[in-house]
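Generate coordinates for the entire structure from the input sequences, incorporating the hints supplied.
Number of protein chains: 2
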Amino acid sequence: MKSTPVKGTADYLPSQTLLRDYMQGVILDTYRAAGFERILTPAIEHMENLEKSDGGDNLNLMFKILKRGEKLEKALAAGDESQLADLGLRYDLTLPLSRFYAANRARLGNPFKCIQIDKSYRAERPQKGRMREFVQCDIDILGSESPLCELELIATTAAALQKLDIGRFTIKLNDRRLLKACLAACGVADEQMDTVCVSLDKWDKIGGEGVMAELAGKGIAEEACAALQKLLDGERTLDAVAAVCGENEVVQRTRKLLADVQVLAAGGYDVEFDLLLVRGQGYYTGTVFEIQSNKFRGSIGGGGRYDGLVGKFTGENVPAVGFSIGFERIFAILQEQGCEIPGRARRIAVLCSEDEAVPAMQKAAALRTGGDSVGVYIRPKKLGKLLNRLEEQGFDGYLVYGEGDQPRLFAERQN
Amino acid sequence: MKSTPVKGTADYLPSQTLLRDYMQGVILDTYRAAGFERILTPAIEHMENLEKSDGGDNLNLMFKILKRGEKLEKALAAGDESQLADLGLRYDLTLPLSRFYAANRARLGNPFKCIQIDKSYRAERPQKGRMREFVQCDIDILGSESPLCELELIATTAAALQKLDIGRFTIKLNDRRLLKACLAACGVADEQMDTVCVSLDKWDKIGGEGVMAELAGKGIAEEACAALQKLLDGERTLDAVAAVCGENEVVQRTRKLLADVQVLAAGGYDVEFDLLLVRGQGYYTGTVFEIQSNKFRGSIGGGGRYDGLVGKFTGENVPAVGFSIGFERIFAILQEQGCEIPGRARRIAVLCSEDEAVPAMQKAAALRTGGDSVGVYIRPKKLGKLLNRLEEQGFDGYLVYGEGDQPRLFAERQN
Numbered sequence: 001m002k003s004t005p006v007k008g009t010a011d012y013l014p015s016q017t018l019l020r021d022y023m024q025g026v027i028l029d030t031y032r033a034a035g036f037e038r039i040l041t042p043a044i045e046h047m048e049n050l051e052k053s054d055g056g057d058n059l060n061l062m063f064k065i066l067k068r069g070e071k072l073e074k075a076l077a078a079g080d081e082s083q084l085a086d087l088g089l090r091y092d093l094t095l096p097l098s099r100f101y102a103a104n105r106a107r108l109g110n111p112f113k114c115i116q117i118d119k120s121y122r123a124e125r126p127q128k129g130r131m132r133e134f135v136q137c138d139i140d141i142l143g144s145e146s147p148l149c150e151l152e153l154i155a156t157t158a159a160a161l162q163k164l165d166i167g168r169f170t171i172k173l174n175d176r177r178l179l180k181a182c183l184a185a186c187g188v189a190d191e192q193m194d195t196v197c198v199s200l201d202k203w204d205k206i207g208g209e210g211v212m213a214e215l216a217g218k219g220i221a222e223e224a225c226a227a228l229q230k231l232l233d234g235e236r237t238l239d240a241v242a243a244v245c246g247e248n249e250v251v252q253r254t255r256k257l258l259a260d261v262q263v264l265a266a267g268g269y270d271v272e273f274d275l276l277l278v279r280g281q282g283y284y285t286g287t288v289f290e291i292q293s294n295k296f297r298g299s300i301g302g303g304g305r306y307d308g309l310v311g312k313f314t315g316e317n318v319p320a321v322g323f324s325i326g327f328e329r330i331f332a333i334l335q336e337q338g339c340e341i342p343g344r345a346r347r348i349a350v351l352c353s354e355d356e357a358v359p360a361m362q363k364a365a366a367l368r369t370g371g372d373s374v375g376v377y378i379r380p381k382k383l384g385k386l387l388n389r390l391e392e393q394g395f396d397g398y399l400v401y402g403e404g405d406q407p408r409l410f411a412e413r414q415n
Numbered sequence: 001m002k003s004t005p006v007k008g009t010a011d012y013l014p015s016q017t018l019l020r021d022y023m024q025g026v027i028l029d030t031y032r033a034a035g036f037e038r039i040l041t042p043a044i045e046h047m048e049n050l051e052k053s054d055g056g057d058n059l060n061l062m063f064k065i066l067k068r069g070e071k072l073e074k075a076l077a078a079g080d081e082s083q084l085a086d087l088g089l090r091y092d093l094t095l096p097l098s099r100f101y102a103a104n105r106a107r108l109g110n111p112f113k114c115i116q117i118d119k120s121y122r123a124e125r126p127q128k129g130r131m132r133e134f135v136q137c138d139i140d141i142l143g144s145e146s147p148l149c150e151l152e153l154i155a156t157t158a159a160a161l162q163k164l165d166i167g168r169f170t171i172k173l174n175d176r177r178l179l180k181a182c183l184a185a186c187g188v189a190d191e192q193m194d195t196v197c198v199s200l201d202k203w204d205k206i207g208g209e210g211v212m213a214e215l216a217g218k219g220i221a222e223e224a225c226a227a228l229q230k231l232l233d234g235e236r237t238l239d240a241v242a243a244v245c246g247e248n249e250v251v252q253r254t255r256k257l258l259a260d261v262q263v264l265a266a267g268g269y270d271v272e273f274d275l276l277l278v279r280g281q282g283y284y285t286g287t288v289f290e291i292q293s294n295k296f297r298g299s300i301g302g303g304g305r306y307d308g309l310v311g312k313f314t315g316e317n318v319p320a321v322g323f324s325i326g327f328e329r330i331f332a333i334l335q336e337q338g339c340e341i342p343g344r345a346r347r348i349a350v351l352c353s354e355d356e357a358v359p360a361m362q363k364a365a366a367l368r369t370g371g372d373s374v375g376v377y378i379r380p381k382k383l384g385k386l387l388n389r390l391e392e393q394g395f396d397g398y399l400v401y402g403e404g405d406q407p408r409l410f411a412e413r414q415n
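The listed protein sequences derive, respectively, from chains A and B.
Quick note: the first sequence uses this note's numbering, first residue 1, plus one each step.
Quick note: the second sequence uses this note's numbering, first residue 1, plus one each step.
It is worth saying that the hints were derived from the structure and are not from the lab.
Warning: the hint list may mix true and false statements.
[To be verified] Derived DSS-like pairs: lysine-lysine, alpha-carbon spacing no greater than 30 angstroms straight-line:
| no. | chain 1 | residue 1 | chain 2 | residue 2 |
| --- | --- | --- | --- | --- |
| 1 | B | K71 | B | K312 |
| 2 | B | K202 | A | K119 |
| 3 | A | K363 | A | K312 |
| 4 | A | K52 | B | K74 |
| 5 | B | K180 | B | K205 |
| 6 | B | K74 | A | K71 |
| 7 | A | K295 | A | K202 |
| 8 | A | K119 | B | K163 |
| 9 | A | K172 | B | K363 |
| 10 | B | K74 | A | K363 |
| 11 | B | K71 | A | K7 |
| 12 | B | K381 | A | K256 |
| 13 | B | K180 | B | K74 |
| 14 | A | K71 | B | K163 |
| 15 | B | K52 | A | K119 |
| 16 | A | K7 | B | K256 |
| 17 | B | K180 | A | K71 |
| 18 | B | K180 | B | K202 |
| 19 | B | K128 | A | K119 |
| 20 | A | K256 | A | K172 |
| 21 | A | K71 | A | K312 |
| 22 | A | K7 | B | K312 |
| 23 | A | K2 | B | K52 |
| 24 | A | K7 | B | K74 |
| 25 | A | K7 | B | K7 |
| 26 | B | K202 | B | K128 |
| 27 | A | K74 | B | K67 |
| 28 | B | K202 | A | K2 |
| 29 | A | K163 | B | K119 |
| 30 | A | K202 | A | K172 |
[As the list claims (entries may be wrong)] Here's a subset of chain A near chain B, in silico, CB distances under 7 angstroms, partners left out:
| no. | residue |
| --- | --- |
| 31 | G129 |
| 32 | E133 |
| 33 | D260 |
Each residue gets a CB set at the ideal place from its N, CA and C atoms; glycine is no exception.
In structure tokens:
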């Protein structure tokens, strides 16, 4: 039998779990205080839903669940590989939310401000902060087109990150429609938009020259490439966009959003326009966000507006926007920083002989009322080694049953 | 696309999630206060481990994960159904704990007192309190043979249930070795033990006559059946067991455990010996527990000693004992009782026009410092309908931005 966890998943030791629980508590409390309500959806989803979800590359990374019993026999007999699985593990929390909203809409607030903190699964190549089983922390607002939604999502996500003390971060903002308007103004044809965006998304990795070479290779017209190069070689500000596309409604909305976030941030974090921000998922339709920290290569959160996804279930248009914290990446940052958890309970060991178990447990129960974490352990005749081990393992003190009323702290013993 | 969740899994609305989070918080806090430490393990486990785990019937209820890429092609080409899956969803938290302990032993306390609160998966026929995706809350103690472990597990589990206010409950206790000793004394052959136990486990469902008929059908000797019938028709007390098997070590250990639990319970819950308690999993080796409540048909928790399981990974004997709360069943009980969550935050809506979004959000942030949950909403010109809807949705009050400094509570408006 194998004692290592499955590739890309992890076992978390008690000290790591304490940090993860603390982080999750801070994020959940911050989100609830801002008026968002938590829901829970299953990690298992219908294959049919997953496959039709516009999930982009994530669809290639799905863990599929084998059919069972007769259904499996039939699928095997048919020899059709695509029929082997009827269920899959979700690759994000946005698709399940859309399904949930369609099923429960009548019982939810309008707009519905929603928290999801839960696991998702992707069969990616694992690396630091990128797991195959990973926790995401999402807030979403469904049912409203108001830019207030974007503002609330950004301010609330930022508040959680500030409470977690991850250091300075930048929220990057764009609107997919701006990029598309610029591409159109440069002469990129409608049917080339998506493939051009895919190339532009690689700017950080392969640089401007790499992107332009890729575009030429894809057969984008020379004049369009030249116009695009000129735009992208410039400052790529919102003013530059307005100069190319005119001061349209999306430009104005983005301009106001940036200014409003600046005011709310009050210098506590940065906000920045990034014309090349695209995000991978196909379902985004308007504003897109990303969070960057100088402590982590790659984004530590992202999201955007996905006005079409919920409608796939409900048949009518439901505006929606969401922002997701990459929990595993924040966890990696805090672990590296050696984060001390504020307000951690003291750990006390009550030591007793086998015969004293019952009264020692009663004593331990009494000590717990003071807020300490108190466990009972059978004592050996000589205490020295045991005490050293307890101290090594992070206990704060001990009480030998029958000897005194209050625990003795290791910190005092050393003095 | 399908808007209902996968069969046997559930969506949880905000009010249900609030209750589930509250329950999980109470259980986790109680377990941590008693000196147990939480760990996390992945929901995805190696198929190899699952298949060799002595999980009994649960092995037939596994969700298996399809291999990916070339490995899947190979398995399909080989036409071997058993080769299609390399991973599976765990059916409980005990097997992952054993693997975890084997992998991390050197960095853990000894004995290691461990909390696991997480999801498991079984493709069972769903019914009330029995889901295909479900949460279990386990505490386990690894590395000690002392009966102190059983005492701590029972007292700590009971403390959590008492704090959740689920009403009166009974902890049922047995030791598998006692039942086997009785069967041997009645003349059941060694190789018939397991099949006899399977029949005895059905006593509650098919009654004594049904069980005896089944035993006769299985070819158990007539004299053995008669002796067994005599024992089981009696009071089935520990004294009756001692009369059949003698006052051996296991009888004495069980006698003391029952007495000790009685003292610790101090009348707050009942504890009872039940000779016919077997538990399904094959890995149990000694004491077995179950919790019964008159509010739920079937057990709401269970566990026992599984001294052999960890050794399958480590190659050396590691004594272990665990107790698991059936979270979904407690959730079903509390939901039916209409549980009010103590200390729930007030929900306040700050209403503003689109233009006032930024100062309204600043006002909301200021109100949050009082512990309220405060969200911002765009106000229509006439407030009446919106206020009625907010009240229906469980808001406690509202503040129209610019009109007054403190929220107005709906409870006051009605007076």
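Evaluated hints:
Of the supplied pair hints, the one linking K71(B) and K312(B) holds, its CA atoms being roughly 27 angstroms apart against a limit of 30 angstroms. Of the supplied pair hints, the one linking K202(B) and K119(A) is violated, its CA atoms being roughly 38 angstroms apart against a limit of 30 angstroms. In summary, the hint linking K363(A) to K312(A) is not supported, as the alpha carbons are separated by about 60 angstroms, beyond the 30 angstroms threshold. Distance restraint check for K52(A) and K74(B): the Cα-Cα separation of roughly 27 angstroms lies within the 30 angstroms cut-off, and the hinted pair is therefore satisfied.
The suggested pairing of K180(B) with K205(B) holds, with an alpha-carbon distance near 21 angstroms, which does not exceed 30 angstroms. At most 30 angstroms may separate the alpha-carbon atoms for a hinted pair to count; K74(B) and K71(A) meet this at roughly 21 angstroms. Taking the CA atoms of K295(A) and K202(A), the gap is near 21 angstroms; set against the 30 angstroms cutoff, the hint holds. Simply put, K119(A) and K163(B) have alpha-carbon atoms about 28 angstroms apart, close enough for the 30 angstroms limit, and the pair holds.
Restraint check for K172(A) and K363(B): satisfied, since their Cα atoms lie roughly 25 angstroms apart, inside the 30 angstroms limit. With a C-alpha separation of about 61 angstroms, the suggested pairing of K74(B) with K363(A) is violated against the 30 angstroms cut-off. For a cut-off of 30 angstroms, the pair hint linking K71(B) to K7(A) stands: about 15 angstroms separates their Cα positions. This hinted pair checks out: K381(B) and K256(A) have alpha carbons roughly 23 angstroms apart, not beyond 30 angstroms.
About 46 angstroms separates the Cα atoms of K180(B) and K74(B), which puts this hinted pair outside 30 angstroms; it is violated. For a cut-off of 30 angstroms, the pair hint linking K71(A) to K163(B) is broken: about 45 angstroms separates their Cα positions. With a CA separation close to 27 angstroms, the supplied pair K52(B) and K119(A) stays within the 30 angstroms bound. Proposed proximity of K7(A) and K256(B) is contradicted: the alpha carbons are some 46 angstroms apart, above 30 angstroms.
Pair hint K180(B) plus K71(A) does not hold up; C-alpha atoms about 40 angstroms apart against a cutoff of 30 angstroms. Proposed proximity of K180(B) and K202(B) is supported: the alpha carbons are some 16 angstroms apart, at most 30 angstroms. With a C-alpha separation of about 25 angstroms, the suggested pairing of K128(B) with K119(A) holds against the 30 angstroms cut-off. Distance hint between K256(A) and K172(A) is fulfilled; the C-alpha atoms sit about 15 angstroms from each other, no more than 30 angstroms.
About 27 angstroms separates the Cα atoms of K71(A) and K312(A), which keeps this hinted pair within 30 angstroms; it holds. Under the criterion of a C-alpha separation no larger than 30 angstroms, the hint pairing K7(A) with K312(B) is consistent with the structure, at around 21 angstroms. About 11 angstroms separates the Cα atoms of K2(A) and K52(B), which keeps this hinted pair within 30 angstroms; it holds. Proximity of K7(A) to K74(B) is assessed by CA-CA distance (about 20 angstroms); at most 30 angstroms being required, the pair is judged to hold.
Proximity of K7(A) to K7(B) is assessed by CA-CA distance (about 29 angstroms); at most 30 angstroms being required, the pair is judged to hold. A C-alpha spacing of about 20 angstroms is found between K202(B) and K128(B), which places the hinted pair at or below 30 angstroms, so the restraint holds. Proposed proximity of K74(A) and K67(B) is supported: the alpha carbons are some 19 angstroms apart, at most 30 angstroms. For the proposed pair K202(B) and K2(A), the alpha carbon gap of about 35 angstroms is over 30 angstroms, so the pair is violated.
The straight-line distance between the Cα atoms of K163(A) and K119(B) is roughly 28 angstroms, inside the 30 angstroms bound, and the hint therefore holds. Restraint check for K202(A) and K172(A): satisfied, since their Cα atoms lie roughly 16 angstroms apart, inside the 30 angstroms limit. Interface restraint check: G129(A) against chain B, minimum CB-CB distance 16 angstroms, threshold 7 angstroms, status violated. For the restraint placing E133(A) at the interface with chain B, the shortest Cβ-Cβ distance is roughly 5 angstroms, inside the 7 angstroms limit, so the hint holds.
A hinted interface residue such as D260(A) counts as satisfied when its beta carbon comes closer than 7 angstroms to some beta carbon of chain B; here the least separation is about 5 angstroms, so the hint holds.
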